[in-house]
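Counting along the sequence shown from 1, when you hit position 245 you're at 245 in this note's numbering, and nothing is skipped either side.
These are computed hints drawn from the structure, not numbers from a lab. Every residue gets a Cβ at the ideal spot worked out from N, C-alpha and C, and that includes glycine. Watch out, some of these pointers could steer you wrong.
[Stated by the list, open to error] Derived Cβ-Cβ restraints for the label pairs, each shown as a range:
#	residue 1	residue 2	range
1	250	28	39 to 47 Å
2	83	151	37 to 45 Å
3	90	145	32 to 40 Å
4	147	264	30 to 38 Å
5	5	265	20 to 28 Å
6	212	90	44 to 52 Å
7	222	260	36 to 44 Å
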Amino acid sequence: MTSASTTLVIGATGTTGSRTAAQLVAAGHRVRAASRRATPVAGTEHVPFDWYEPATHAAALDGVDRVYLIPPVGDSDPAATMLPFLQGARAAGVRRAVLLSSSAIPEGGPAVGQVHQALPGLFEQWAVLRPSWFMQNFTGTHAHALSIRDEDVIRTATGTGRVGFVDAEDIAAVAVRALTDEQAPNTDLVLTGPEALGHDDIATIITDVTGRPVVHHRLSYEEMRERLTTQVPVEFAAMLAGMDRAIAEGAEDRVTDTVHRLTGRPPRTFRSLLERETRYNG
Numbered sequence: 001m002t003s004a005s006t007t008l009v010i011g012a013t014g015t016t017g018s019r020t021a022a023q024l025v026a027a028g029h030r031v032r033a034a035s036r037r038a039t040p041v042a043g044t045e046h047v048p049f050d051w052y053e054p055a056t057h058a059a060a061l062d063g064v065d066r067v068y069l070i071p072p073v074g075d076s077d078p079a080a081t082m083l084p085f086l087q088g089a090r091a092a093g094v095r096r097a098v099l100l101s102s103s104a105i106p107e108g109g110p111a112v113g114q115v116h117q118a119l120p121g122l123f124e125q126w127a128v129l130r131p132s133w134f135m136q137n138f139t140g141t142h143a144h145a146l147s148i149r150d151e152d153v154i155r156t157a158t159g160t161g162r163v164g165f166v167d168a169e170d171i172a173a174v175a176v177r178a179l180t181d182e183q184a185p186n187t188d189l190v191l192t193g194p195e196a197l198g199h200d201d202i203a204t205i206i207t208d209v210t211g212r213p214v215v216h217h218r219l220s221y222e223e224m225r226e227r228l229t230t231q232v233p234v235e236f237a238a239m240l241a242g243m244d245r246a247i248a249e250g251a252e253d254r255v256t257d258t259v260h261r262l263t264g265r266p267p268r269t270f271r272s273l274l275e276r277e278t279r280y281n282g
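Based on the sequences and whatever the hints tell you, model everything.
Structure representation (structure tokens):
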């Protein structure tokens, strides 16, 4: 990445976008931070951006040569919105694109899997980050974090299934490498933490670290789907509940060495993240 390069970070106030922007700035790179909210990101140039408002796209892309892509939240068919934007990005001079997807969604799969499939045909330099579930789901503004704070409960349809939960800081560290290394990965990267944990394990660790007696309530797929429909569109709720069911069947019971291999340091544990999160103190 040359000194004249500028990276557009879409979703720059979100969980991984904010961390990616901050880490890029800390490493001396120029960043244009795009989001619907006018929240400034220190050291960046802010630009308003809305996936569903094409009038905001040209200004966001002006002068940038690489982009970090956070799909529109809650959209069960993001390709319909993202692919026209990406075609415009290529025409505007973007050479490298790094897409945030999910370990649960393969290339060509539902939702963002369609964007994953199209990306190599649009850009010669690309990467798709496929992180496991975020550790921050239990500490930020996610429904799990809210139910922990309000009720000391985690509700899932994952049963005893395990997940290689990953720290969003580690996802951002990989994103920075994918965006700035001389050679782009040109592949998809499955990102996990150092251990696979069930939600019973998560509840136990939170209880141990914080002293709060948190428990995991196991729901059926149908119960989880109905609960999620109060928060997101029906199709997206069914997809999310289906991901829980896949976890219960063992689909996410794995760890990878990707974070260590790309960043040179091991991924953080969930216990160490909790100990770092001051919101749990007291």
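Okay, the hints, checked on the actual structure:
A hinted range of 39 to 47 Å holds for the C-beta pair residue 250 and residue 28, which are about 43 Å apart. Between residue 83 and residue 151, the C-beta spacing of about 40 Å keeps the proposed range 37 to 45 Å intact. Taking the beta carbon of each, residue 90 and residue 145 are about 37 Å apart, inside 32 to 40 Å as hinted. A C-beta distance of roughly 36 Å is found between residue 147 and residue 264, which places it inside the suggested range of 30 to 38 Å.
Remark: the range hint 20 to 28 Å for residue 5 to residue 265 is upheld by a beta-carbon distance near 25 Å. The given range of 44 to 52 Å is respected by residue 212 and residue 90, whose C-beta atoms sit roughly 49 Å from each other. Take residue 222 and residue 260: their Cβ atoms lie about 39 Å apart, and the range 36 to 44 Å holds.
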